[in-house]
Amino acid sequence: MNLLNVIATGLREIWAHKFRSLLTMLGIILGVSSLVAMSAMVKGLELGLKEGLAAMGGLEKIRVESQLDLPMHQRHLQDRVTGVTMPDVFALQQSAPLVHTVTPSVDLWGRGSRTVLAYKDKTARPFTFSGTWPSALEINEHVIEYGRMFNEVDNDLAHPVCVIGTGIRDQLFGDPDVTGQTVDPVGLTITINRQPFTIVGMFQHYEGEAARQERLARIAEQKKKSGPQRNDNPWSRAKGGNFAFRLKNNTVYIPLNTMLLNLQSGTNRMASANARLSTLYMKVKDIDLLETSLQQVRNVLMMTHGGLEDFAFRTDEDWASEITNTIRDARVSGGIIAAISLIVGGIGIANIMLASISERVREIGIRKSIGATTSDIFVQILVESVVLAMLGGLLGLGTSYALTNLVGKFAASDNSPVITLGAMAFAFAASVAVGIAAGLWPAMKASRLHPIQALKYD
Amino acid sequence: MPLVELRDIRKIYHLGGEEIRALDGVSLDIAEGEFCSIIGPSGSGKSTLMHILGCLDSPTSGTLKLDGLEIQNASQRQLAGIRNQKIGFVFQFFNLLPKLNVLQNVELPMVYSGFTRRQRRERALEALRQVELDNRSKHRPSQLSGGQQQRVAIARAIVNNPRLIFADEPTGNLDSHTGELILDMFRRFHREGRTIILVTHDPEIAAVTPRRIEIRDGKIAQNIDRRLAGLDRDLALAANI
Numbered sequence: 001m002n003l004l005n006v007i008a009t010g011l012r013e014i015w016a017h018k019f020r021s022l023l024t025m026l027g028i029i030l031g032v033s034s035l036v037a038m039s040a041m042v043k044g045l046e047l048g049l050k051e052g053l054a055a056m057g058g059l060e061k062i063r064v065e066s067q068l069d070l071p072m073h074q075r076h077l078q079d080r081v082t083g084v085t086m087p088d089v090f091a092l093q094q095s096a097p098l099v100h101t102v103t104p105s106v107d108l109w110g111r112g113s114r115t116v117l118a119y120k121d122k123t124a125r126p127f128t129f130s131g132t133w134p135s136a137l138e139i140n141e142h143v144i145e146y147g148r149m150f151n152e153v154d155n156d157l158a159h160p161v162c163v164i165g166t167g168i169r170d171q172l173f174g175d176p177d178v179t180g181q182t183v184d185p186v187g188l189t190i191t192i193n194r195q196p197f198t199i200v201g202m203f204q205h206y207e208g209e210a211a212r213q214e215r216l217a218r219i220a221e222q223k224k225k226s227g228p229q230r231n232d233n234p235w236s237r238a239k240g241g242n243f244a245f246r247l248k249n250n251t252v253y254i255p256l257n258t259m260l261l262n263l264q265s266g267t268n269r270m271a272s273a274n275a276r277l278s279t280l281y282m283k284v285k286d287i288d289l290l291e292t293s294l295q296q297v298r299n300v301l302m303m304t305h306g307g308l309e310d311f312a313f314r315t316d317e318d319w320a321s322e323i324t325n326t327i328r329d330a331r332v333s334g335g336i337i338a339a340i341s342l343i344v345g346g347i348g349i350a351n352i353m354l355a356s357i358s359e360r361v362r363e364i365g366i367r368k369s370i371g372a373t374t375s376d377i378f379v380q381i382l383v384e385s386v387v388l389a390m391l392g393g394l395l396g397l398g399t400s401y402a403l404t405n406l407v408g409k410f411a412a413s414d415n416s417p418v419i420t421l422g423a424m425a426f427a428f429a430a431s432v433a434v435g436i437a438a439g440l441w442p443a444m445k446a447s448r449l450h451p452i453q454a455l456k457y458d
Numbered sequence: 001m002p003l004v005e006l007r008d009i010r011k012i013y014h015l016g017g018e019e020i021r022a023l024d025g026v027s028l029d030i031a032e033g034e035f036c037s038i039i040g041p042s043g044s045g046k047s048t049l050m051h052i053l054g055c056l057d058s059p060t061s062g063t064l065k066l067d068g069l070e071i072q073n074a075s076q077r078q079l080a081g082i083r084n085q086k087i088g089f090v091f092q093f094f095n096l097l098p099k100l101n102v103l104q105n106v107e108l109p110m111v112y113s114g115f116t117r118r119q120r121r122e123r124a125l126e127a128l129r130q131v132e133l134d135n136r137s138k139h140r141p142s143q144l145s146g147g148q149q150q151r152v153a154i155a156r157a158i159v160n161n162p163r164l165i166f167a168d169e170p171t172g173n174l175d176s177h178t179g180e181l182i183l184d185m186f187r188r189f190h191r192e193g194r195t196i197i198l199v200t201h202d203p204e205i206a207a208v209t210p211r212r213i214e215i216r217d218g219k220i221a222q223n224i225d226r227r228l229a230g231l232d233r234d235l236a237l238a239a240n241i
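Read top to bottom, the protein sequences are chains H and C.
Just so we're aligned: 39 in our numbering is position 39 of the first sequence, and the numbers increase by one with no gaps anywhere.
Just so we're aligned: 94 in our numbering is position 94 of the second sequence, and the numbers increase by one with no gaps anywhere.
FYI, nobody ran anything at the bench for these hints, they're computed from the structure.
Positions of the beta carbon are idealized from the N, C-alpha and C atoms, including for glycine.
Careful: at least some of the hints might be erroneous.
SDA-like mimics (lysine to any residue), calculated; alpha carbons at most 20 Å apart, straight line [stated by the list, open to error]:
1. K456/H to K138/C
2. K456/H to L125/C
3. K99/C to L354/H
4. K50/H to A402/H
5. K283/H to L137/H
6. K99/C to T182/H
7. K456/H to Q143/C
8. K456/H to P41/C
9. K99/C to H17/H
10. K285/H to A55/H
11. K138/C to T9/H
12. K120/H to T182/H
13. K99/C to E359/H
14. K283/H to E60/H
15. K99/C to K120/H
16. K61/H to L247/H
17. K99/C to L247/H
18. K99/C to I14/H
19. K99/C to E70/C
20. K456/H to H14/C
21. K18/H to P98/C
22. K99/C to L137/H
23. K283/H to L294/H
24. K138/C to W319/H
25. K456/H to F93/C
26. K456/H to Y13/C
27. K61/H to R298/H
28. K18/H to G172/C
29. K99/C to A425/H
30. K61/H to R360/H
31. K61/H to A312/H
32. K138/C to N5/H
33. K138/C to L125/C
Pair ranges (Cβ atoms, derived) [as the list claims (entries may be wrong)]:
34. F93/C to G398/H: 25 to 33 Å
35. G17/C to L26/H: 29 to 37 Å
36. I436/H to H14/C: 50 to 58 Å
37. G33/C to L26/H: 40 to 48 Å
38. G398/H to H14/C: 33 to 41 Å
39. Q143/C to A8/H: 40 to 48 Å
40. I7/H to G33/C: 52 to 60 Å
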């Protein structure tokens, strides 16, 4: 008996009991679509997190921070601690060929800092407020959309200029999506901690792919409405979505020297040439040589610091492995749930196949009496079960789109689900496997029926 | 060489510790082209004999040769092949598959012997022509009368050109007129040279066959060949002896 015949027979059997078959398939349909939807959500989450990682500079970025508490064995030298300073920058530029774009930064943010930006009656609090070099643009993956980045001259002469992110613009001048007016802030003067600064440039608006699409859709929606513009979408959230993007949009950069001379003079630290830096940014040339590069930087800094370990490395590796772990956990827990519903679907199929063969004992007897072998019957029942599961799987793939959209509506919008072909193939294969597993026992039972007993059965 | 050769066949069942000898030393030869009946009251062992002859069951002991092949020790798979190729069954309750139409029912044995779709169709239609039902090939069994259903079953039995046709009470579920038509059909097949074994409890039906084998208590009680006994000249003439 060839396979096409067997499949046709199986389909006929399924078609003969349409409603029963549909109910049986429902388990597989739900299992497959939840597997696909789960994997789509995890994929969306992964993409969102990785987008955030890339937006913050990616894995190539190394941060060196001052660490003023020395390790135990150097505690007696505590009074010689300097932290990261400008000489370190120049030393690294000269002596550490594995890293490039060494960029100093003095930050005035975080706990204790009370940086306030003001324009007319509006004020803003930045997430990041740094005095740095123009190369910070490259280090932190910033792109200027309006105006320019401040340059070396601005830095050398400590000009009171700043470059802002769109989050600051939204706070000071209004969000163009809300007001409907684009603002070009270049040339305007704002105050930072009551000192006047001229805005020379503004970054582009950073957002995740999903957030961007949602924002565009919202704008399109609002354009259709007449009357006063207002944001009445209950699902909308603070612009920027992912935390990494919000952080990045609320950035203010000023030249390093301006920071040291104008904004830090009140703190009365050392002269600017030896000032303690908050952070030293740099990028490794080759990500595969990350460890070697770190060692090289460490060697140089040990020289300039006279052997004192008053600095610490920060890379995004921890963040990256955190992402990997998060994704793995989400995948495992979602996978278990989807697997359970697939197993339940499989039990449903096994159950209905057992019921079906006890209905068809006589048919099996007839088939055997005219020459069907044990394996013919086995294959027939098994194929029927697999065909049932495959149909369920196909329908499940269809409904997975709907389910994914539905889930996407309720889940966090900055990580909208992404259906992958691999997930669909895997889910379909899983449904076939479930069909085989569910059909084995009924097929065995049916094929072992003795023809005489089966023929006498009523 | 006889088509069927039974030597000292025994079939013993164990039912709750009690030994039941359904067949107790049956030896029998059936030649090619014979039309014989196996007759006996219920419980006599005639059904068991037919099951063993029809390769649906294996004997406990004894040897069984069919078409020159020793099959008492054949595997399930080999038995299925023999049932498919060499034996056709006609049952009392027709045993058609209700979900298939007439043509598909007749094609069924060929589905298990690997014919192409076209061959199956041609041969099934030919078999239906022989039972004069080729105009009903698209009907479901439930749309046919009992006699018609039995003719479909006969078409299914002959479609693979088996060496041996078994009919188990083929008229038991039909009125006497229709039953007579079915028996006529078997007579015609017999004249065409097929080997037919009719299993019945009804002496009247057994009377139509030239040879009559009577089973009682698992043994052959009578084995009468009327042609040889000179009891039936017409039948002897028909069989060209």
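The hints, checked one at a time:
1. K456/H to K138/C: Given that 20 Å is the threshold and the Cα spacing comes to 28 Å, the pair is violated.
2. K456/H to L125/C: Since the Cα atoms of K456/H and L125/C sit roughly 29 Å apart, the hinted pair is violated (cutoff 20 Å).
3. K99/C to L354/H: holds, 19 Å
4. K50/H to A402/H: Between K50/H and A402/H the Cα gap is close to 26 Å, so the pair fails against 20 Å, i.e. violated.
5. K283/H to L137/H: Measuring from Cα to Cα gives roughly 12 Å; hence the hint holds.
6. K99/C to T182/H: Violated, at about 72 Å.
7. K456/H to Q143/C: With a Cα-Cα distance of about 24 Å, the restraint between K456/H and Q143/C is violated, given a limit of 20 Å.
8. K456/H to P41/C: holds, 18 Å
9. K99/C to H17/H: Roughly 11 Å separates the two Cα atoms, so the pair holds.
10. K285/H to A55/H: Status holds; Cα separation ~18 Å.
11. K138/C to T9/H: The hint holds at about 17 Å.
12. K120/H to T182/H: holds, 18 Å
13. K99/C to E359/H: Roughly 13 Å separates the two Cα atoms, so the pair holds.
14. K283/H to E60/H: With a Cα-Cα distance of about 5 Å, the restraint between K283/H and E60/H holds, given a limit of 20 Å.
15. K99/C to K120/H: violated, 85 Å
16. K61/H to L247/H: Holds: K61/H and L247/H sit about 17 Å apart, inside 20 Å.
17. K99/C to L247/H: Not OK: K99/C and L247/H at ~68 Å, beyond 20 Å, violated.
18. K99/C to I14/H: Holds: K99/C and I14/H sit about 12 Å apart, inside 20 Å.
19. K99/C to E70/C: violated, 37 Å
20. K456/H to H14/C: The hint holds at about 19 Å.
21. K18/H to P98/C: holds, 17 Å
22. K99/C to L137/H: violated, 75 Å
23. K283/H to L294/H: holds, 10 Å
24. K138/C to W319/H: violated, 70 Å
25. K456/H to F93/C: holds, 10 Å
26. K456/H to Y13/C: The given pair, whose Cα atoms are some 17 Å apart, holds under the 20 Å limit.
27. K61/H to R298/H: holds, 15 Å
28. K18/H to G172/C: violated, 36 Å
29. K99/C to A425/H: Violated, because 34 Å separates the two Cα atoms, which is more than 20 Å.
30. K61/H to R360/H: Violated. K61/H to R360/H sits at ~69 Å, over the 20 Å cutoff.
31. K61/H to A312/H: holds, 14 Å
32. K138/C to N5/H: With Cα atoms ~18 Å apart, K138/C and N5/H stay inside 20 Å; holds.
33. K138/C to L125/C: Distance of about 11 Å is within 20 Å: holds.
34. F93/C to G398/H: 25 to 33 Å: violated, 44 Å
35. G17/C to L26/H: 29 to 37 Å: About 49 Å separates the Cβ atoms of G17/C and L26/H, which means 29 to 37 Å is violated.
36. I436/H to H14/C: 50 to 58 Å: violated, 37 Å
37. G33/C to L26/H: 40 to 48 Å: violated, 58 Å
38. G398/H to H14/C: 33 to 41 Å: violated, 56 Å
39. Q143/C to A8/H: 40 to 48 Å: violated, 22 Å
40. I7/H to G33/C: 52 to 60 Å: violated, 41 Å
Violated hints, listed in ascending order, are 1, 2, 4, 6, 7, 15, 17, 19, 22, 24, 28, 29, 30, 34, 35, 36, 37, 38, 39, 40; each of the other numbered hints is respected by the structure.
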